[in-house]
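Protein chains in written order, with our numbering: chain W, 1 to 251; chain A, 1 to 258.
Some clues are possibly wrong.
For lysine-lysine, the following DSBU-like pairs were computed, each having C-alpha atoms within a straight-line distance of at most 30 Å [as the list claims (entries may be wrong)]:
(1) W:Lys17 <-> W:Lys27
(2) W:Lys27 <-> A:Lys222
(3) W:Lys17 <-> W:Lys38
(4) W:Lys27 <-> A:Lys223
(5) W:Lys57 <-> A:Lys223
(6) W:Lys47 <-> A:Lys222
(7) W:Lys47 <-> A:Lys223
(8) A:Lys222 <-> W:Lys57
(9) W:Lys47 <-> W:Lys242
(10) W:Lys199 <-> W:Lys187
(11) A:Lys52 <-> A:Lys222
(12) W:Lys27 <-> W:Lys57
Since the hints were derived computationally from the structure, they do not count as laboratory data.
Model, not experiment: these values are computed from the prediction.
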Amino acid sequence: MKKNTSYNTGKAVLEIKDLYKGFGDLKVLNGFNLELYKGENLVMMGKSGSGKSVMIKCMVGLMQPDSGNIKILGKDISTLSHQEMDELRTEIGFLFQGSALYDSMTVRENLEFPLRRHTDKFDLKNTDELVMEALRNVGLEHTIDQMPEELSGGMQRRIAFARALILQPQIILYDEPTTGLDPITSKEIIELMQTIQDKYNTSSLIITHDVDCARVISNRMILLLDGINYVEGTFEELSNSKDPKIKAFFK
Amino acid sequence: MGSSFNFYSNLRSFFEEVGALSRFAGRYFREVFSTPFEFRELMNQCYSMGNKSLLLVGVTGFILGLVFTLQSRPTLLEFGAVAWMPSMISISIVREIGPVIIALICAGRIGSGIGAELGSMRVTEQIDAMEVSGTNPFKFLVVTRVLAATIMLPVLVIFGDFIALVGSAIIENIKGDVSFQLYFNQAFDALEFTDLLPATLKTFFFGFAIGIVGCFKGYNSKKGTAGVGEASNSAVVYTSMLLFIIDFIAVFISDIFY
Numbered sequence: 001m002k003k004n005t006s007y008n009t010g011k012a013v014l015e016i017k018d019l020y021k022g023f024g025d026l027k028v029l030n031g032f033n034l035e036l037y038k039g040e041n042l043v044m045m046g047k048s049g050s051g052k053s054v055m056i057k058c059m060v061g062l063m064q065p066d067s068g069n070i071k072i073l074g075k076d077i078s079t080l081s082h083q084e085m086d087e088l089r090t091e092i093g094f095l096f097q098g099s100a101l102y103d104s105m106t107v108r109e110n111l112e113f114p115l116r117r118h119t120d121k122f123d124l125k126n127t128d129e130l131v132m133e134a135l136r137n138v139g140l141e142h143t144i145d146q147m148p149e150e151l152s153g154g155m156q157r158r159i160a161f162a163r164a165l166i167l168q169p170q171i172i173l174y175d176e177p178t179t180g181l182d183p184i185t186s187k188e189i190i191e192l193m194q195t196i197q198d199k200y201n202t203s204s205l206i207i208t209h210d211v212d213c214a215r216v217i218s219n220r221m222i223l224l225l226d227g228i229n230y231v232e233g234t235f236e237e238l239s240n241s242k243d244p245k246i247k248a249f250f251k
Numbered sequence: 001m002g003s004s005f006n007f008y009s010n011l012r013s014f015f016e017e018v019g020a021l022s023r024f025a026g027r028y029f030r031e032v033f034s035t036p037f038e039f040r041e042l043m044n045q046c047y048s049m050g051n052k053s054l055l056l057v058g059v060t061g062f063i064l065g066l067v068f069t070l071q072s073r074p075t076l077l078e079f080g081a082v083a084w085m086p087s088m089i090s091i092s093i094v095r096e097i098g099p100v101i102i103a104l105i106c107a108g109r110i111g112s113g114i115g116a117e118l119g120s121m122r123v124t125e126q127i128d129a130m131e132v133s134g135t136n137p138f139k140f141l142v143v144t145r146v147l148a149a150t151i152m153l154p155v156l157v158i159f160g161d162f163i164a165l166v167g168s169a170i171i172e173n174i175k176g177d178v179s180f181q182l183y184f185n186q187a188f189d190a191l192e193f194t195d196l197l198p199a200t201l202k203t204f205f206f207g208f209a210i211g212i213v214g215c216f217k218g219y220n221s222k223k224g225t226a227g228v229g230e231a232s233n234s235a236v237v238y239t240s241m242l243l244f245i246i247d248f249i250a251v252f253i254s255d256i257f258y
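Pulled out of the complex, with its shape left as it was, chain A reads as follows (with noise of 0.2 Å):
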């Protein structure tokens, strides 16, 4: 009886936190539309979550293309196709693997930040204070920060696959004696204007996915220092089972079409 009662009072929670998300996400469109623009905010944001993500994603990304492709290398060997790597590695890090994994590391990296910082803010009174002022905090708090995290996420990607790429340029360099300008021209020849679409499209709601789960933690935040770290870490937990669920969904819609 308890355990069936804790699965429904769970399964309630679960959709009532859905539904608050998805209010607080329509709420979003309603006001990123709306003037006045945070015109200035937006661009301190953009500049704050890609300066300070770009060393991260980079080390990142260089180490997925020296794993990936130090792991692929004994069995391409095995069957006679190293020759393929270039391409291989290229599409699987610029489809699937680049985004989902920087995507990743986003979520860890600003999802939490933002997180943090509106659960701070809130709890200091700070966003009470904005709102007495007679000022929107949402559009100042919440709409550039999703907003920012919407334009980022795309450019990280992009250089943390080019990043990746170099990796494993690398390594097959090292390891294969192939030239950089034979790697890169298979790597960019194998790649097509279908590949490079869907993939660059889901990593905008990669990036919206973050900024909303984060601001929507931090800004109901709870009262207490235990608010601020529960907000910060369910907006890194939350965010990542997203990530995964969207890039299925894209992946299904991108594979009916393409």
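Extracted from the complex, chain W is given alone in its bound form (with noise of 0.2 Å):
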């Protein structure tokens, strides 16, 4: 069923190979393939519960997969050390889902806390200005002394994707960024991920059900079906598929 694509125009970024995770009897990820490109924008689907948050916390070394292997930006994560893993982990953004701010610290210290940690990469006098580009590239330059429960939902996203750009990532991960948001501030997230991708090209593996955010974003698209990667291809090739399983997705 997997379908060959032309969109790989770069070097892999990211490369899985033969992923396998389980709860118990229950087998989440049965021999997953992804393989995401430099400049790339990949859009992951799949039914709630298919392992999608799974494999991306795989990634990031949240959680421990059974076998497989795991390559970010040629290195094999399962041979790093903790501090290398670190050290990788700067070239990785991560939006989460519920924007994960640390509610006890202001939009500053947000943003500041990962800079504040690596001084190895960035030099702390020019804090500041990071700072207020990440805020500037989001449009929220008023709030950086602001509390994050004084933002709205759609405001604490953008923050939330500030604080993942900071450390100027050559890969993002987003998981479902645009659930639980309106449709206007929907477009807002997918038009500032477009403009970021522009921007800064980065690679960028988004994991979504908004159908207009994978229309809209997506260079290539994925779906995760039983553990698998059932199919790939591009929008139009997907949301034109006969096969039952993928036009479900596109209803």
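The task is to assemble the complex, starting from two chains supplied on their own in separate frames and drawing on the hints.
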């Protein structure tokens, strides 16, 4: 069922081979494969509970896979020490579904938090400048001294986006970036994702149920079904598919 | 058959919990001496734990001193030993009652607070967010809180003990015509180095127990709001039990040496 697509213009920045992960008797990933290319927006769709979030958490080391191989920027993450993994994580931005802003800190402190702990990569003298640039990117400079609870859901998502961007990552992982937002705010977030991708030429893996988001932003799509990459292709190829399992996602 | 199975199952999960807590404490000792130090967060936590507990500890200590003196007075009067009141109160409060009562109050105030805070951070993926940004959440959240509790509890106990003695002195002043100066002279004369040292040393262990159990429960909280509630609640229950065990060991050891 897999389909070869022509979108592989750059080198692979993320490679997953034969990934298996289960919880007791429940097998979530059954030999999942994925490649993300430089500068690409890859959208992954799948049913709730199909293992999308598990897969993305395995990528950043929040979960350990049962078996399989994950290579990020050419490094096999299973062979990395804790410190090497932390260094690699600075090249990966992660936008959480619930934003996951530190609610005891102001917006400024949220953005400064990763910067102050990676002084080898960033000069502390430039902290203010980097914070302001990140906030400018999401259009929320005025919220710098506000607490997360004072912001709307859409604003919190954008601040979380700014925090993911502040370490200037090469890869951004989005876990359902538009879930729980109204259509207008969702559209703003999608436009923001596109702008950031154009500006910094990042590679993005976007997990979403939002067909509009997939249509606008994807260069390539992948469907995760029964723990495997069931099909790959462009939005047009998948949305015009005759397979009832694929069609169900685009109704 | 069912009840014996439950007993062994509970016993097994108890030892698993103790094992997990020991590993957690082991990680704390590995990380507390390694760089970088989160000095700013440590100061924030010391301020937060100390400042916010001050009123509670003060009121508790004051009432403790009042009640203890009022309850002891009739018995001492009966034996004609009321002149020993300041000495008896100061030794009882400083050696035993003050540290234990104030540690229990702090287990409720500080331990449950840590459990709930870290539990909700776990549930809302804030701890995961720290981890994926390449920082060490254990160092930032756990090491600072446990260290702050270990430092601040002795301070709070000393403060609470003093307020308890003030409460006692007020009762003695009203009921027994004992001046404050005479009361405190007698109270401090009765105290020796061997009373103060073990009593102060054990409060460091009390503070450590409050911090480590609160952090352990919160950091490993299960998903959902029920998980946060359970983390907060079990932090207080386990800490309270642990405080009495530590107190027993401390008294046993100090009895051998002094």
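Note to self: Holds or violated: W:Lys47 and W:Lys242, Cα atoms, limit 30 Å.
What the structure shows: holds (18 Å)
Next item on the list: Verify the proposed pairing of A:Lys222 with W:Lys57, using a straight-line Cα cut of 30 Å.
Entry: Holds, at about 17 Å.
Note to self: Between the alpha carbons of W:Lys47 and A:Lys222, is the straight-line distance 30 Å or under?
What the structure shows: Distance of about 24 Å is within 30 Å: holds.
Next item on the list: Would you mind confirming whether the straight-line C-alpha gap from A:Lys52 to A:Lys222 stays at or under 30 Å?
Entry: holds (28 Å)
Check: Holds or violated: W:Lys57 with A:Lys223, Cα cutoff 30 Å?
Finding: holds (16 Å)
Check: Regarding the pair W:Lys27 and A:Lys223, is the alpha-carbon distance no greater than 30 Å?
Finding: With Cα atoms ~20 Å apart, W:Lys27 and A:Lys223 stay inside 30 Å; holds.
Notebook entry, point to check: Can the restraint linking W:Lys27 and W:Lys57 be considered satisfied, given a maximum Cα separation of 30 Å?
Noted result: Holds, at roughly 16 Å.
Item checked: Straight-line alpha-carbon gap W:Lys27 to A:Lys222, limit 30 Å -> holds (21 Å)
Check: For the pair supplied as a hint, W:Lys17 and W:Lys38, is the alpha-carbon distance within the 30 Å limit?
Finding: The hint holds at about 18 Å.
Next item on the list: Quickly compare the C-alpha distance for W:Lys17 and W:Lys27 to 30 Å and report which way the hint goes.
Entry: holds (16 Å)
Next item on the list: Take a quick look at whether W:Lys47 and A:Lys223 sit within 30 Å of each other, Cα to Cα.
Entry: Distance of about 21 Å is within 30 Å: holds.
Checklist line | Given pair status - W:Lys187, W:Lys199, alpha carbons within 30 Å | finding: Within the cut-off at roughly 18 Å; holds.
Checked against the numbered hints above, the structure breaks none of them.
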